[in-house]
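Visitor: With chain A held as given, fit chains B, C and D onto it using these hints.
Number of protein chains: 4
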Amino acid sequence: MTTIAFLGLGQMGGPMALNLVKAGHAVRAYDLVPAAVQKAKEGGCTACATVADAVQGAQVVVTMLPTTQAMEDLYLGAGDLLALVAPGTLLIDSSTVAPQAPRKVAEAAGAKGLAFIDAPVSGGVAGAAAGTLTFICGGDAADVERARAVLSHMGKNVFHAGGHGAGQVAKICNNMLLAIHMAGTAEALQLGVDNGLDPKTLSEIMLKSSGRNWSLELYNPYPGVMDNVPASRAYEGGFKTRLMNKDLSLAMEAAQASGSATPLGALARSLYALHGRGGAEDLDFSSIQQLFARD
Amino acid sequence: MTTIAFLGLGQMGGPMALNLVKAGHAVRAYDLVPAAVQKAKEGGCTACATVADAVQGAQVVVTMLPTTQAMEDLYLGAGDLLALVAPGTLLIDSSTVAPQAPRKVAEAAGAKGLAFIDAPVSGGVAGAAAGTLTFICGGDAADVERARAVLSHMGKNVFHAGGHGAGQVAKICNNMLLAIHMAGTAEALQLGVDNGLDPKTLSEIMLKSSGRNWSLELYNPYPGVMDNVPASRAYEGGFKTRLMNKDLSLAMEAAQASGSATPLGALARSLYALHGRGGAEDLDFSSIQQLFARD
Amino acid sequence: MTTIAFLGLGQMGGPMALNLVKAGHAVRAYDLVPAAVQKAKEGGCTACATVADAVQGAQVVVTMLPTTQAMEDLYLGAGDLLALVAPGTLLIDSSTVAPQAPRKVAEAAGAKGLAFIDAPVSGGVAGAAAGTLTFICGGDAADVERARAVLSHMGKNVFHAGGHGAGQVAKICNNMLLAIHMAGTAEALQLGVDNGLDPKTLSEIMLKSSGRNWSLELYNPYPGVMDNVPASRAYEGGFKTRLMNKDLSLAMEAAQASGSATPLGALARSLYALHGRGGAEDLDFSSIQQLFARD
Amino acid sequence: MTTIAFLGLGQMGGPMALNLVKAGHAVRAYDLVPAAVQKAKEGGCTACATVADAVQGAQVVVTMLPTTQAMEDLYLGAGDLLALVAPGTLLIDSSTVAPQAPRKVAEAAGAKGLAFIDAPVSGGVAGAAAGTLTFICGGDAADVERARAVLSHMGKNVFHAGGHGAGQVAKICNNMLLAIHMAGTAEALQLGVDNGLDPKTLSEIMLKSSGRNWSLELYNPYPGVMDNVPASRAYEGGFKTRLMNKDLSLAMEAAQASGSATPLGALARSLYALHGRGGAEDLDFSSIQQLFARD
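Those protein sequences? They're chains A, B, C and D, same order as listed.
Note that the first sequence covers residues 204 to 498 in the numbering used here.
Note that the second sequence covers residues 204 to 498 in the numbering used here.
Note that the third sequence covers residues 204 to 498 in the numbering used here.
Note that the fourth sequence covers residues 204 to 498 in the numbering used here.
Here chain A stands alone, though its shape is the one from the complex (with noise of 0.2 Å):
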């Protein structure tokens, strides 16, 4: 049993923190929203009325932010965890945020001898609540290894993709690419669909010829053609258009940084804000199919 301390108690945060308890950690648990510290606190968590209150004795810190900003707030700034950790704590922030950021935290906890790494995820709010999320980890091998008993309780893949912020940046890139060839299935099964085919039948061609991707594998955007996802429940739950654009955003600003061309990454982002301003943000993001259709 460790003592983990669980910052960021949110639709991702809150399930995670439930699947350490389950897996028989003792979990300190604190959020800026009073009703996620309750919601913790009956799963199981001991609940914190501050940062400071729940690292106490904690030789683990998982946080889960929804901007870069609130990242470095809690780490760097105002929230100043870095400071209210004991020697020797072990620092896992699973946040999707900016490669950068994790890079100067990491600079800033080595000085004070503490060990970071960005661990984003993959997966969703359904592989939180299930424990089968997918760490993607950037820092130094032990620390990843380290990582990994606690980890692997809230998911079932953790991946080491290099040093500090390295874990960020595949994810980007992962994400858009996921975002390319969902739009791309999208403008494929529309000009089939507009040139006379059954978007089911074409499905299932693909799926078995070089178009094959993810999204027509598991997350087919048509709907009608696959139960159980988003396309044929109105595009209700899954991961928000608003998310996605979030990812894509931070993808740009990778390429802007490093001067990389990513025309289809670049069209796919302006794809989704056109999708999202349409009025698509709380939709799921295979929604896109909608971009293609006719009116």
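Worth flagging that the hints you see were computed from the coordinates, not collected in a lab.
Treat each hint with caution, since some may be false.
Copies of one chain are not kept apart here, so a pair can be met inside one copy or by any two copies together.
Claimed, not checked - Pairs of lysine-lysine residues, derived as BS3-like cross-links and limited to a Cα-Cα distance of at most 27 Å, are as follows:
id, residue 1, residue 2
1, 411, 225
2, 307, 403
3, 307, 449
4, 403, 359
5, 411, 449
6, 449, 359
7, 242, 225
8, 359, 244
9, 225, 315
10, 225, 244
11, 449, 225
12, 359, 225
13, 411, 244
14, 359, 242
15, 403, 315
Guide: Relative to chain A, chains B, C and D alone:
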């Protein structure tokens, strides 16, 4: 044993005809290029000097031509194929052409009591040689079933996409999606490399995450990541950029005719056109990776 | 005074024919739609019941048709125009069509000793009524000079772009560029507004800076910035989205045929296709501004 | 005569400072690079060894720095400029930076009773030397009016775009639109050439038609069409590709921050990134024409 006329013995048609011979059929072979006919003869075909000669006694005719124009000329123009074949003949066109071409041919064939299907292939030169092609068919179900006996000796999958032209539509939808995820994969890998990641590690992570697609799985475009793919032999062999450009042009023609919006497909065509113009027409299409590299 | 047959009396052709009458020519008018012929008659044309009737005694024939197909049918197909006209007749096609169509017609016309030029127009319905169109001509210089006497009564500029088909090529290049800077101007204005700028102030600054273009100068797409443009009357009138979509498709066909890379043009086509599908086919093309607005 | 501190004496700042000297002002010059200070001294400026030295007795400070980081460091970081200047000083930043930077500086300046405006320029190195720049200002109207007396000796237009940061927003909107119509013009010219047109004839036609834009008018990208432009001297001089890439990145950052969809702008950035990576970083930005040429 069926007597089959095979018209068009190029890089694809040549090995396809030989696989029919191996399966025990009597194959009557014709091509505009005498050397191609000679090679077919060496493989066991009967060499024919004209189209009229080739279709003598044939119950089935298979055609494999390079362009829409060549296909229409053979069936409806100077080649006058429909006038030369016996009643009851099954005509199978495996060329990749604009979808309206098989619709026109099917109408003219039907008026003469002849059965016609479009059956473009996926799988490339390697699949043609190995007999592992995928055939994507359009036409009447009974004709597709009748064709299956012949097609199954040249490929491992025979799909029925819908009515006349549907095989072509499904093929160009698939290949448009292939171009999108290939170029998208190349972009994502370069973005990762530009931000310090190892392309092999990043490929492994995305392959087990939602970025997964056929290009990552079987045809990684980054040199050195995967053995036995064009990227690891200077992009020699494989499916040439010029052929991808042809298929993307067909996809765009279909999109323009149906008024479909295919922004990613259109951008993929432009990127492949840029790439081809830059000198890569005869390299494998995964060489699009080079477009994103730093000079 | 010249006797001129005018074939095709739609929104463009109708007022063009009347301007020829006003200039003192004898105009023999024909259209498939009897009401259009009647209206031309009221404007001073001689109403004709058939193409054969219209070309009686004509030294010049002007055609203005909606599609490539209609143009080819009239000249080379069922219309059989080339067989009906007298030797020495000058044929002027002002339709916007694929460049290969005038090339085919010119060849057939030349074989019969007839002069033919392509002369598509720029300037829209307002320009047709006001007699201020721009004609962009392709064909032999002498024929373009001969046509100038007629064209100058319908427009203020007559350009000679090159040989047969060059008028069409120049027109689609121009209209592709127009679509690019119109959509680009809309994007830039929305970006400014989203970041707190007044669209009128921003327009004035860009108009005096390097962003200047025809859309900003004469046709500002942002509502309220400029009087007397479609943007200030709910995008009524003007040049419809469906017509811009037609011209962009012609541009893309030309690009595909020549293997040209036109990434911005291809994206503009996709954006206009999305916009049209969203219900804007009959709005002026500057309504692309709406695509970028927040819901 | 005003005493003006000029900080940042690079390719733009150097000649700008000299124009202030020519207009009779006392200019105190500073740059990190001693050679730049020496050159300013030869032109009549007072050479200063530090920022603190330069601002001695200055009523106005003009800054011209290469990046957002450098600008923030000077005003808010190590440079500590706001602490060094006398009360009542007018601070004018002519750097091109992210819009949030001048907002932050303006707030900090206001808290100290200092006036600050952002005043990025358009017009390039040639405009800096000739004193014909355009200044696009953001800030309080009274401060912009006060700045006009100084700015008018370095440029011919002074625009007031809006509040703090608005000058930067207007500049990046303008430059994004410039990149779009420059690349669009290059595409259109290449499409015409690929289809048999003369680029000069096509340019003349589009210049008198709705394709007209600043690139066609003053800066034709096709070699040989226009004299005295970079395209006619191997793309030497002018506005470098690397600077256009910087401005496009700033535009994309703004679009991402405001959630704006800028598909053409994003594609223009990717095309310029591809072009720069291909070896053209130091060529004039109209060299994008080369990207579309056939190998």
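Visitor: Please name the hints from earlier in the document that this structure breaks, with their numbers sorted from lowest to highest.
Guide: Those not satisfied are hints 9, 11, 13 and 15.
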